[in-house]
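Use the sequences and the hints to build the structure in full.
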Amino acid sequence: MLDLFHTGVAWAMGAGGGDKGGEAGGLGGMLSGPIPMLVLMFVIFYFLLIRPQQKKAKAHKAMLAAIKKGDQVVTGGGIYGRVTGVDEQTLVVEIAPQVRVKVNRANVAGLAGQPQTAPPPKK
11 MLDLFHTGVA WAMGAGGGDK GGEAGGLGGM LSGPIPMLVL MFVIFYFLLI
61 RPQQKKAKAH KAMLAAIKKG DQVVTGGGIY GRVTGVDEQT LVVEIAPQVR
111 VKVNRANVAG LAGQPQTAPP PKK
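The numbering of the sequence shown is the numbering used here, which starts it at 11 and goes up by one.
Since the hints were made in silico from the structure, they are not lab data.
Where is the CB? At the ideal position from N, CA and C, for every residue including glycine.
Honestly, I wouldn't trust all of these hints.
Below, simulated DSSO-like cross-link-like pairs (lysine-lysine); rule was C-alpha separation at most 30 Å, straight line [claimed, not checked]: (1) K68 <-> K78; (2) K112 <-> K66; (3) K112 <-> K71; (4) K65 <-> K79; (5) K112 <-> K68; (6) K79 <-> K66; (7) K112 <-> K78; (8) K78 <-> K65; (9) K112 <-> K65; (10) K79 <-> K68; (11) K78 <-> K66; (12) K79 <-> K112.
Derived Cβ-Cβ restraints for the label pairs, each shown as a range [stated by the list, open to error]: (13) A106 <-> A69: 26 to 32 Å; (14) K78 <-> M47: 46 to 52 Å; (15) F57 <-> Q82: 18 to 24 Å.
Rendered as structure tokens:
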């Protein structure tokens with residue numbers, strides 16, 4: 011009996027022809043390798059994850075440096091208060107009349123009196 015299925019497999023496994031030996035050439039072959047793909051993934055991660063995080067950290071650091079007496083702040087624990095004393099590493103925050111707590115500057119999440127950066131409303 012003639013086995014046509016295996017004959018087709020043999021033809022499919024034959025040489026593809028051409029003088030390149032079946033390798034992809036040109037720009038498509040260069041960009042399909044593993045190293046360009048890793049570089050492309052790093053670039054995407056940089057612009058989508060790393061860069062925005064660095065910008066946010068830089069803005070937070072500038073906000074912490076600009077805190078002065080009388081500012082309304084919110085701590086990382088969610089406590090709102092008014093700054094009554096400023097030191098290099100700590101702040102004295104009044105959370106209720108005659109109730110003051112000493113807070114590390116790094117634990118201040120933001121200024122309470124200012125709105126978050128939201129896009130302006132469209133007209």
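Going through the hints against the structure:
no. : hint                     : result
1   : K68 <-> K78              : holds, 18 Å
2   : K112 <-> K66             : holds, 25 Å
3   : K112 <-> K71             : holds, 19 Å
4   : K65 <-> K79              : holds, 26 Å
5   : K112 <-> K68             : holds, 24 Å
6   : K79 <-> K66              : holds, 24 Å
7   : K112 <-> K78             : holds, 14 Å
8   : K78 <-> K65              : holds, 22 Å
9   : K112 <-> K65             : holds, 28 Å
10  : K79 <-> K68              : holds, 22 Å
11  : K78 <-> K66              : holds, 21 Å
12  : K79 <-> K112             : holds, 13 Å
13  : A106 <-> A69: 26 to 32 Å : holds, 30 Å
14  : K78 <-> M47: 46 to 52 Å  : holds, 50 Å
15  : F57 <-> Q82: 18 to 24 Å  : violated, 35 Å
Comparing the model with each numbered hint stated earlier shows that hint 15 is the single one that does not hold.
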